[in-house]
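For reference, the chains in residue letters:
2 protein chains.
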Amino acid sequence: MKHAPLVESLIEAFTCLPGVGPRSAQRMAYALLERGREDGRQLAGALTAAMDGVRHCQRCRNYAEHDLCPICQDPRRDAGLVCIVASPADVLALEQSGEYRGHYFVLMGQLSPLDGIGPRELGLDVLEQRLNEGQIQELILATGTTVEGEATAHYVLDLAREAGVSVSRIAQGVPMGGDLEFVDGATLAQALRGRRPFST
Amino acid sequence: MKHAPLVESLIEAFTCLPGVGPRSAQRMAYALLERGREDGRQLAGALTAAMDGVRHCQRCRNYAEHDLCPICQDPRRDAGLVCIVASPADVLALEQSGEYRGHYFVLMGQLSPLDGIGPRELGLDVLEQRLNEGQIQELILATGTTVEGEATAHYVLDLAREAGVSVSRIAQGVPMGGDLEFVDGATLAQALRGRRPFST
Ligand SMILES: [Zn+2]
Ligand SMILES: [Zn+2]
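From first to last, the protein sequence lines stand for chains A and B.
Per the working numbering, residue 1 is the first one in the first sequence, and the count goes up by one each step.
Per the working numbering, residue 1001 is the first one in the second sequence, and the count goes up by one each step.
Treat the hints with care, since some could be wrong.
Stretches of chain B that chain A covers, calculated by requiring three or more beta carbons in the stretch to come under 8 Å of a beta carbon on chain A [stated by the list, open to error]:
#	region
1	1005-1018
2	1023-1035
3	1077-1091
Since the hints were made in silico from the structure, they are not lab data.
Backbone N, C-alpha and C define an ideal beta-carbon position, used for all residues, glycine too.
Given these sequences and hints, build the entire structure.
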């Protein structure tokens, strides 16, 4: 035992964060103990509030703390246009491009049958229902260009065709095999403008 | 507003951690929300417990949750030998060298009059008292080789001389101008073995 047990537990708890090894975890714990106890208490409060209070938007599955997320609640956005993305981080990346004023549908993953992630796990039954309700005029596919992203895009394409909804796909500038959230805003803006009808 | 407010607050709270910018903070928040809510709650608990429960050892000033830290409570350690370090991270670095079986005195800083950090802020009045009590046979100075570290070492050297306690200093292998906590264990072990009487 080199640390006091409370310090040890804190260091260990920090290593649950992505990109944080034992060394960074120790630096974080010491920084808060030495000159940031109020920050530490605030972080604890924000964590508890978010872990307990954040759920998923009933319409688009993005993070929300009420039934609907801020985007779905915004009457100025075009509800006839829905962009399909894999994750909340992708929504943020597209929002930061400043180009998009429609709605989203967040799959919270990609189709991956071997991992037990099928259409239901991605809420695609909910999307199918919404497509058949008639409000959606166009779907934009932005599920990324990995193998799983392609499979997911094709599945959604089939749903949209059955419902008679036109489908486009962001195209220009999205690097092959890359995750959408690491693409800069300007590139994403161009990709949105350059969208084209989906062809199989 | 791009995130739900609870998510936004969590991301902002993460940026109080050293080395965490807005991008990493977002990745941390999303990782916990998506697949680590229990981890997030645990981190919140560890933070609260540590921020409220960690204080300073009454003997060595290192972090402790009782009056004495685990090292000061350990009867197998040599209480006649006290190593002076700037921070708890330095204690950990020396412990990891596996070379040292004495006690520590943790200054929680270095002398820096311009920043209002004088001998009292570093607990040097407490150290002076302990030196005069007669139990300490030797002080090892390990305050690092920055300007402040040198000034601090000289101040402690004077205290020890007045009390008639011999003083050595870790020497070999500590890089000039470097912080002790980034030195590897083997180098620190060598530096401890190679300690020599302090000369002014
Ligand atoms: Zn929504
Ligand atoms: Zn102690």
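Are 3 or more residues of the region 1023-1035 of chain B near chain A, judged by a Cβ distance of less than 8 Å? holds (count 10)
Can you tell me if the region 1077-1091 of chain B counts as covered by chain A, using C-beta to C-beta distances under 8 Å and a minimum of three residues? holds (count 4)
Do at least three Cβ atoms from the region 1005-1018 of chain B come closer than 8 Å to Cβ atoms of chain A? That given contact holds, which follows from 11 residues of the region 1005-1018 of chain B lying within Cβ reach (below 8 Å) of chain A.
When held up to the earlier numbered hints, the structure conflicts with none and fits them all.
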